[in-house]
Amino acid sequence: MALKMVKGSIDRMFDKNLQDLVRGIRNHKEDEAKYISQCIDEIKQELKQDNIAVKANAVCKLTYLQMLGYDISWAAFNIIEVMSASKFTFKRIGYLAASQSFHEGTDVIMLTTNQIRKDLSSPSQYDTGVALTGLSCFVTPDLARDLANDIMTLMSHTKPYIRKKAVLIMYKVFLKYPESLRPAFPRLKEKLEDPDPGVQSAAVNVICELARRNPKNYLSLAPLFFKLMTSSTNNWVLIKIIKLFGALTPLEPRLGKKLIEPLTNLIHSTSAMSLLYECVNTVIAVLISLSSGMPNHSASIQLCVQKLRILIEDSDQNLKYLGLLAMSKILKTHPKSVQSHKDLILQCLDDKDESIRLRALDLLYGMVSKKNLMEIVKKLMTHVDKAEGTTYRDELLTKIIDICSQSNYQHITNFEWYISILVELTRLEGTRHGHLIAAQMLDVAIRVKAIRKFAVSQMSTLLDNAHLVASSTQRNGICEVLYAATWICGEFSEHLQEPQHTLEAMLRPKVTTLPGHIQAVYVQNVVKLYASILQQKEQAAETEAAQAVTQLMVDRLPQFVQSADLEVQERASCILQLVKHVQKLQAKGVPVAEEVSALFAGELNPVAPKAQKKVPVPEGLDLDAWINEPLSDSESEDEKPKAMFHEEEQRQAKHRLPEVDEEELARRREARKQEQANNPFYIKSSPSPQKRYQDSPGVEHIPVVQIDLSVPLKVPGLPLSDQYVRLEEERRHRQRLEKDKRRKKRRDKEKKGKRRHGSLPTESDEDIAPAQQVDIVTEEMPENALPSDEDDKDPNDPYRALDIDLDKPLADSEKLPVQKHRNAENAKSPEKEDVPVVEKKSKKPKKKEKKHKEKERDKEKKKEKKKGEDLDFWLSTTPPPAAVPSTDTLSANTNTDATPKDEVEEPRREAQDGEDEDQDQEKKPSKHKKKHKKEKEEQPKDKKRSRKKLLGSEEAPGEPVQNGALEEEPLPPMSSYCLLAKNSYIKMTYSVQGSLQDSQVTVSIILENLSGSVLKSMELSVLDSLNTRMARPEGSSVHDGVPVPFQLPPGVSNEAQFVFTVQSIVMAQKLKGTLSFIAKDDAGATHEKLDFKLHFSCSSYLTTTPCYSDAFAKLLESGDLSMSSIRVDGISMSFQNLLTKICFHHHFSVVERVDSCASMYSRSIQGHHVCLLVKKGENSVSVDGKCSDSTLLSNVLEEMKATLAMC
Amino acid sequence: KVQLFLIFKNSGFLWFRISEDTQQQIIRETFHLVSKRDENVCNFLEGGLLIGGSDNKLIYRHYATLYFVFCVDSSESELGILDLIQVFVETLDKCFENVCELDLIFHVDKVHNILAEMVMGGMVLETNMNEIVTQIDAQNKLEKSEAGLAGAPARAVSAVKNMNLPEIPRNINIGDISIKVPNLPSFK
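So the protein lines, in turn, are chains A and B. Going letter by letter, the first sequence gives residues 1 to 1207 in the numbering used here. Going letter by letter, the second sequence gives residues 10001 to 10188 in the numbering used here.
Chain A extracted, bound-state conformation (with noise of 0.2 Å):
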């Protein structure tokens, strides 16, 4: 056999590896095309062989091949053909070919569902692994479907290794396959707790990816990731965790709140550039978000600003760019704070690095104010025309219109000025931004009335160099330019100096080399500008003038009858068919230009780009409902081609709709009638030039020719933007001097008077007057325009199927399909009756389905309120007694203050009362004590018997919060810790951790300065008992207490951790221990004492361990275990509710769970297995348990028994 296997890899040696595959295509350089299609023979030959190492090797350069831009597909079969092969070394091939090469079109695909499920529950964790690597790339929807339940195994599976890439796939299999999304949810929120750091990084990317997509969704699991936040240390995790909240902040002003002080501390305290950016990345988030409600986060922004500039200074251009990046996200809301860096961005402007130019103009946008605009704009001027490479060159472009029309125009004061600017920029070539000039124009002379004398006079000198302009070709962009030109000089001829002049421009034979729709607007204004010297002429009497403007039309006007643009070739018959009339009646001495004119008499008003849209539906119209009820499904195919003949009748029935009669229709139509007679908005017939002129196809398209010019074109007679700077300053300083002027007068007057007011004589924005009268239009919109602005949603977005709430109940129909095969295997665990497997559900019809989502719906509706309270309860800076699961870390790490007036400040005053703001921070008092605080203070102010109401009760921790008629309450809060132990100085809340190396507990104690004292020397001495003892630092006795490694200011507290090792854990243990500690405040420093006893519960010795419905089965099969039940009646809470605070109190996980049964697993800190069987009644549950100590299991139950007897 052995002699076998070495013949056959003999004879395979000299077959081509991929080694002498790449060094043969290296060796090939001119005849590479051929080498490689001799290659790819000699690989079908290959995989025509029944040896699989030999497919193998031949798939494997295939993957090369495919590398290179070589079609694979062909092979897809013998691809999976080496993905089935049982070695690890074939396998990993074939699965890499397949990554490579599948996709969603390919069809053996479906083949794979087996092979894959196989090698995922494969012993080896290589054979899974590579697996889900593989089909992270190619999954499909059928595959997501088919193999979401095996992934959501493997999310608990044994090895970390699996655990990550089981959790990071499931973002994909989201992606394919929405539905499985709320089933896997729960457990993937379970990871973000996971033990190993690489699970727990895996499950907050997911989470981050898919909240990044619809984040309010996730709004609730806030608290978690704030807890996240507080205690990671892996700064991956950190990164993602705090960009997620960036991105949830927006919806929630409250979280950004709390985040803002963590945040703080981590730029103050971290040395990793990427963190400190994301932290100034999210802390500006918040401000922004922030920024309706509180004005004054001054310290926040002047702390970014700074550490921002810091990193723009930095000789490192990453840092540079990333600085300006998230500059330009604060100039949106806080522009002040950036507008005093103006000089560090102009510097940046000169970089020679184009990315860091391009942030830097980008900025500008914020920057500019009446002020120094043309200052600015001159400045971008000089890079224009420096510029090498048209992109930059564009991006100038834009951004110098930006910013000059920014909000209407705001702080352009001489629009001479700026359409000076304009005219200048079309003297760049081969820019793809003429329309945007275009439009500009027109706008500008549009909307600002006061312009259009001098905006035609440029215009027409602009036309008349038409040459320059559209000098090399039709491809070039600025010849859109022209369209403007055009249009402005005919619509407003009556401002032009030589009319006549214009004209004859405007009908030169080189205009027919213009693309069509600019030669089309061409003739449509040569009529009008035709009809306003008709005009002319015939006022002044001048008859033959007036003839020789109409022969002149019709002697040029055939050119364009000839084009080969349609829109043109009909306009120019159509005028010319016109003039030719014209000219008949001139011949007869008939006056025509009154009629002539009267074509264009009127004005064009600005529509507003979105008006066609926000016209409100009119009452009684559904835009949804069937105009004709859709064929009927029986009709099948072949049927289908009649209906075609049928359409004429079909059309007449929209006139038949069933509801509305026809007197009706009448009536509806005169009432809309009558209010678009009333309504000086409706928009008649003929749409908005500018509008139809950005639909005009094709202008992007136009490729760009790149043209060397080292002599900027000066188009001859056009003033120089410059000489308007110039012009623009004196005019202010003789504006300033008036001022002063009169200032002075009043001040004088004023002196004789009493009192005057200290005025300085700044310069503001406001001072500057506009150098013309400038009334700019605004755009129309209909009177009663629809607030919504969702035109930006895109409906073929994937990332909306995964629009789904997280936090209502899973229904039964949402399970995931699972396989058949696996019911047989669970029957043959002994309890076999009691442990339910979920079924494989077959497919519903959709119908059925459709309903119960609806019914779903209604229930979530209820449910949003519901979770908004949750939310509440975390975000209220007032933090309930000893709840939610944050608790810990928060009063951890923050620092706090007991002063109980702050304590009971109710959330809302302080969103109203902004400049407390960062002072509440700081006294955010801790969580725990707040229970006791409250026992204690037995006259409650008003505003703390409200908050008692929303919180519903303050009894022990893990009371659920009764909230009435709801089926599904939802989780109450929890928290591990406890009080030990409380005088007037201390408070101590504690918990205890059981971890599975060396059968340790660690008990972590929360200690809380209650006093105005500092407290230092704090030392914890535990008496320990035969069973349990502390763990001493080396060489210290067992009567020596263990210092607390920090001292505690007042109000603040901190968490200290302490490891016993417990030699037996089958009973629950108390130790007695005291705190001794020194109290100094100014009048002195006293020793004080606290006594406390330490509570290890059985639970406590247990940890969350998650394991396989199968390994289960075998376990309980096993019969080794010992068995116990209990029984606790009178229990409303809901199922789910029940197991998580199973889960959370003892330390168990859910195997399993189908209804309301459930199979939960633990394990002790000894090894000892754990297995629970929950099953709730009508209001009672029942728990059996088996365990390989029973001792330890009736201990465990009798404290579950008293969990549950509290629910």
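Keep in mind that the hints are not guaranteed to be accurate.
If you only want the chain A side, here are some residues facing chain B, beta carbon under 8 Å, derived [stated by the list, open to error]:
hint, residue
1, MET67
2, THR133
3, GLY198
4, TYR277
5, LEU322
6, ASP353
7, ILE356
A few chain A residues facing chain B, derived, Cβ under 7 Å [as the list claims (entries may be wrong)]:
hint, residue
8, TYR64
9, LYS87
10, LEU96
11, CYS137
12, ASN205
13, MET273
Quick caveat, the hints were computed from the structure, so don't treat them as lab data. Computed from a predicted model, the values in this text were never measured in an experiment. Each residue gets a CB set at the ideal place from its N, CA and C atoms; glycine is no exception.
Based on these hints, arrange chain B on the given structure of chain A.
Frame of chain A; chain B shown alone:
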């Protein structure tokens, strides 16, 4: 001579299926964009038109004759990705023992496998170099044990084949060059 080594997130030749032609076009254009950039300019490129969507960025690092290019969307931290490239290169260096350009050319499959341990389906999987190296080593060991007796002659032949070659120049040593971006403590 400059080799372009491309790694794209969400698109490109690893995590997202596109036609071979588009793939080659992306490689060409990215190469064009990246290779003409000076040293000492920032390592980010907004390749909006190229790989669909202005959300995407090219982030690259230049080591000797090689460019390592990532295309990522806005969910990734720019500086984080720069670190990731560093981790990747250091991992290559460990796995190939002083990696050189030719290692990457002749053992594309191994590079893929290493990458697969770092990034999966376009999402960052692992950033801890030691963890990655451990997994790769374990897989290599598994592969060797599978080859067993039968693998020996093949290895011998491959050694002979390599001997026949005019000596592979091992001139490019990334380990020695080790371009470190200042102020970027790597993630551990």
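Comparing the hints with the structure gives:
1. Evaluation of the MET67/A hint against chain B yields a held restraint, the C-beta minimum of about 6 Å falling below 8 Å.
2. Hint status for THR133/A: holds, given a least beta-carbon distance of 5 Å to chain B, under 8 Å.
3. The beta carbon of GLY198/A is positioned within 8 Å of a beta carbon in chain B (closest approach about 6 Å), and the interface hint is therefore held.
4. Interface restraint check for TYR277/A: the shortest CB-CB distance to chain B comes to about 6 Å, inside 8 Å, so the restraint holds.
5. With its C-beta approaching chain B no nearer than about 6 Å, LEU322/A sits inside the 8 Å limit, and its interface hint holds.
6. Because the smallest distance between the Cβ of ASP353/A and any Cβ of chain B comes to about 4 Å, under 8 Å, the interface hint for this residue holds.
7. Given hint, ILE356/A at the interface with chain B, holds; its Cβ is 6 Å from that chain's nearest Cβ, closer than 8 Å.
8. Restraint check, TYR64/A versus chain B: the minimum CB separation of about 6 Å is within 7 Å; hint holds.
9. Contact between LYS87/A and chain B, as hinted, is supported at the beta carbon level, the nearest pair being about 5 Å apart and thus within 7 Å.
10. Taken as an interface hint, LEU96/A checks out: its beta carbon lies about 6 Å from the nearest beta carbon of chain B, inside 7 Å.
11. Interface hint status for CYS137/A: upheld, as the beta-carbon distance to the closest one in chain B is roughly 6 Å, under 7 Å.
12. Evaluation of the ASN205/A hint against chain B yields a held restraint, the C-beta minimum of about 6 Å falling below 7 Å.
13. The interface hint given for MET273/A holds, since its Cβ lies 5 Å from the closest Cβ of chain B, which is under the 7 Å cut-off.
The structure fails none of the hints (numbered hints given earlier).
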